[in-house]
Amino acid sequence: MADEARPAGVTATENAAGDMGEAQPVRARGLVKRYKEVLAVDHIDLNVRTGDVYGFLGPNGAGKTTTLRMALGLIMPTEGTVQLFGRDPIREGARALEGVAGFVEAPRFYPYLSARKNLELLAALDGTGAKARIAEVLQIVELSPRAEHRVGGYSHGMRQRLGIAAALLRRPRLLILDEPATGLDPAGMRDMRALIRRLADEGITVLLSSHQLPEVQELCDRVAIVDRGRVVYEGALSDLRRQGGAGYRLRSTDDTRALEVLRAQAGIEHATNGEHGLSFQADEQHVGALSLALGAAGVGILALTPELATLEDLFFRLTEGNGAQGDAVRDNGTRGGGETASIADTTGATATATADGGRSTEPHAQSSNRTGVEIR
Amino acid sequence: MSSATAAPPVAPPATAPRAIAHARRPSTLTVWRWELRKLVSQKRTYLGLGLAVLLPLIFVVVQNLRHDHGHGGSIFATQITQSGLATPVLMLEFQAYFMLPLIAALVAGDIVAAEDGNGTLKTILTRSVDRGQVLGAKTLAALTYGTTAVFLSAVVATIAGVASWGFHHITTLSGSVVSASEGLLLVFAANACYLIPLLTVACIGVLLSTATRNSTAAVVGTIGLVILLYIVQGIPGLEGIQPYLLTEQFHSWHGLLRTPTDWAPIWHSAWVCALYAIPSLFAAYLVFLRRDVAGG
Numbered sequence: 001m002a003d004e005a006r007p008a009g010v011t012a013t014e015n016a017a018g019d020m021g022e023a024q025p026v027r028a029r030g031l032v033k034r035y036k037e038v039l040a041v042d043h044i045d046l047n048v049r050t051g052d053v054y055g056f057l058g059p060n061g062a063g064k065t066t067t068l069r070m071a072l073g074l075i076m077p078t079e080g081t082v083q084l085f086g087r088d089p090i091r092e093g094a095r096a097l098e099g100v101a102g103f104v105e106a107p108r109f110y111p112y113l114s115a116r117k118n119l120e121l122l123a124a125l126d127g128t129g130a131k132a133r134i135a136e137v138l139q140i141v142e143l144s145p146r147a148e149h150r151v152g153g154y155s156h157g158m159r160q161r162l163g164i165a166a167a168l169l170r171r172p173r174l175l176i177l178d179e180p181a182t183g184l185d186p187a188g189m190r191d192m193r194a195l196i197r198r199l200a201d202e203g204i205t206v207l208l209s210s211h212q213l214p215e216v217q218e219l220c221d222r223v224a225i226v227d228r229g230r231v232v233y234e235g236a237l238s239d240l241r242r243q244g245g246a247g248y249r250l251r252s253t254d255d256t257r258a259l260e261v262l263r264a265q266a267g268i269e270h271a272t273n274g275e276h277g278l279s280f281q282a283d284e285q286h287v288g289a290l291s292l293a294l295g296a297a298g299v300g301i302l303a304l305t306p307e308l309a310t311l312e313d314l315f316f317r318l319t320e321g322n323g324a325q326g327d328a329v330r331d332n333g334t335r336g337g338g339e340t341a342s343i344a345d346t347t348g349a350t351a352t353a354t355a356d357g358g359r360s361t362e363p364h365a366q367s368s369n370r371t372g373v374e375i376r
Numbered sequence: 001m002s003s004a005t006a007a008p009p010v011a012p013p014a015t016a017p018r019a020i021a022h023a024r025r026p027s028t029l030t031v032w033r034w035e036l037r038k039l040v041s042q043k044r045t046y047l048g049l050g051l052a053v054l055l056p057l058i059f060v061v062v063q064n065l066r067h068d069h070g071h072g073g074s075i076f077a078t079q080i081t082q083s084g085l086a087t088p089v090l091m092l093e094f095q096a097y098f099m100l101p102l103i104a105a106l107v108a109g110d111i112v113a114a115e116d117g118n119g120t121l122k123t124i125l126t127r128s129v130d131r132g133q134v135l136g137a138k139t140l141a142a143l144t145y146g147t148t149a150v151f152l153s154a155v156v157a158t159i160a161g162v163a164s165w166g167f168h169h170i171t172t173l174s175g176s177v178v179s180a181s182e183g184l185l186l187v188f189a190a191n192a193c194y195l196i197p198l199l200t201v202a203c204i205g206v207l208l209s210t211a212t213r214n215s216t217a218a219v220v221g222t223i224g225l226v227i228l229l230y231i232v233q234g235i236p237g238l239e240g241i242q243p244y245l246l247t248e249q250f251h252s253w254h255g256l257l258r259t260p261t262d263w264a265p266i267w268h269s270a271w272v273c274a275l276y277a278i279p280s281l282f283a284a285y286l287v288f289l290r291r292d293v294a295g296g
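Order-wise, the sequence lines are chains H and X. Mapping to the numbering used here: the first sequence position 190 is 190, numbers consecutive. Mapping to the numbering used here: the second sequence position 168 is 168, numbers consecutive.
The set of hints was computed from the structure by calculation and includes no laboratory data. Since the model is a prediction, treat every value here as computed from it, not as a measurement. Each residue gets a CB set at the ideal place from its N, CA and C atoms; glycine is no exception. There could be a bad hint or two in this list.
Claimed, not checked - Between beta-carbon pairs, the in silico distance windows are:
id : chain 1 : residue 1 : chain 2 : residue 2 : range
1  : X       : Gln42     : H       : Glu148    : 17 to 23 Å
2  : X       : Val287    : H       : Ser155    : 34 to 40 Å
3  : H       : His156    : X       : Ala163    : 51 to 57 Å
4  : X       : Gly240    : H       : Thr78     : 43 to 49 Å
5  : H       : Met76     : X       : Ser181    : 53 to 59 Å
6  : H       : Val38     : X       : Leu228    : 44 to 50 Å
7  : X       : Ser27     : H       : His156    : 30 to 36 Å
8  : X       : Ala163    : H       : Ser155    : 33 to 39 Å
Chain H extracted, bound-state conformation:
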């Protein structure tokens, strides 16, 4: 699997198509969805390659679910195309969904039927062989003991698991999952991740839409980050992390004086004196020069530790950062290299388009101390 970041929108077919001698699992070009005055999806390009566990990230209302609905042929793009293994679900209908399974938003079932009956129905709609797999998939998601119970009495988590079971009936080569861990308790989330990991290990390409950053960080090797209907980054997660830049924290004998030195020193950027001490961004060469400068200024170094940006930090920079900060990471993500931006510490609200054509104003009041697993 190629590891380099690519500019969002740059054709990757040549790279991807050759992976296993078959068409790319998901290839979207210039996808647009407009609901009257609201632009829900704005020229999105996606490149999911065979074997990827591909994270599709974005705040609520960013256009993730609308994009997935278009990918599955549930809604018509206003512009652009999407292909699954080279087939267009809008033009080719169910034929384009062969080898593809998953769900958008919460999986839905007939509440008046049992789990087994629901799966029998779906197996009948899948055709040859699916019915024979019902017991197996129920066992995989550990719903066998409740298989005869009506789905109307199922908890949210059980329905999510039944959604996975329904997807597995199709023996998918591509699994499209929209927020599969939403509403699950911590154990349920852990188990869901383990299942997705196992499916990926067995060769299934996974397109995982989520705003659970730890989930994406744990599972995905490539990501697309979408904000206000546009892809602001697409590429390898490791590249995103690297391009997020190395930050440092400094504890000194005189933080006030040290901050003056930091700000005067070449190659040191975004120096701040925060709750946990001084922080700044720089490459190693400049950090070496800084230590000498601090010594020359009579400031003792108590601790100087590197800190890599977390996915959460990067996510907020890309989706909330305004002006230079957000643009810097976007530039890094899509062009490679460039200036490193500082961690955005923004709160605010963003008006975003919703799938049903309305507009929602959702507070994005996440601070940088939100739960997140650092990429180290």
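We have chain H; now place chain X onto it with these hints.
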């Protein structure tokens, strides 16, 4: 999934795309069978069928309790106690104008919209069936339900009538007397003939169900249309369009109960109903094919 690592291995993904590409996909009849199974599993399905059964039973019980059977108007009303076969004809007469269209609309108006509202439409549209197959199967299921309601009512009315007043010859609308067995055949032929306008109502219900995405709006809209046509039928000066109104076709089956059989109103009903049903289904197909499925 508490111990996902201990779970059985997931079947490997198909690595032969060609094999998948040629996998046999389900037929529309398979989808239709499952639509019927869904209907059978829902309590509300039995509401309409219950009405179709209950009315003949109430009618027969009340007539058994009455001593004066002097009905005016219909030739079959005067034969209630003379032949049990008069009961299903009278019940068809009573129910043809509103009750049976209502029962047909209950399911036809709900059959697409309910799935849209519950989000299950997206579930079935991401399997191996095309949108046209899904709509075709749903339409067939709505028609099946309407047909079932009509014949269930006819069977119950016939059994109750014959049990109360015997299996005897009956006099037709033109005054000819036909044997009991021929009368029975005519009763069911008349019900079959009535299906033409009734299933047209169901087709309109499917269109409204598809277009409105709202069960209540579709059911009320379908019945509202029937009521509107009745009103138009009664407006002086509009007599010229009466033969082409859907509601006018609800009694075309009378032609079968004449001797010799009067086929003219039946053929007329067939093509007039086609003018309502075919565009409705075509419009429903176009809407369903192009619509965004974003519910649920």
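Going through the hints against the structure:
1. X:Gln42 to H:Glu148: 17 to 23 Å: About 18 Å separates the Cβ atoms of Gln42 (chain X) and Glu148 (chain H), which means 17 to 23 Å holds.
2. X:Val287 to H:Ser155: 34 to 40 Å: holds, 36 Å
3. H:His156 to X:Ala163: 51 to 57 Å: holds, 53 Å
4. X:Gly240 to H:Thr78: 43 to 49 Å: Holds, at about 46 Å.
5. H:Met76 to X:Ser181: 53 to 59 Å: holds, 57 Å
6. H:Val38 to X:Leu228: 44 to 50 Å: With Cβ atoms ~36 Å apart, the hint is violated.
7. X:Ser27 to H:His156: 30 to 36 Å: Distance hint for Ser27 (chain X), His156 (chain H) holds at roughly 35 Å.
8. X:Ala163 to H:Ser155: 33 to 39 Å: violated, 51 Å
Of the numbered hints given earlier, the model fails hints 6, 8; all others are met.
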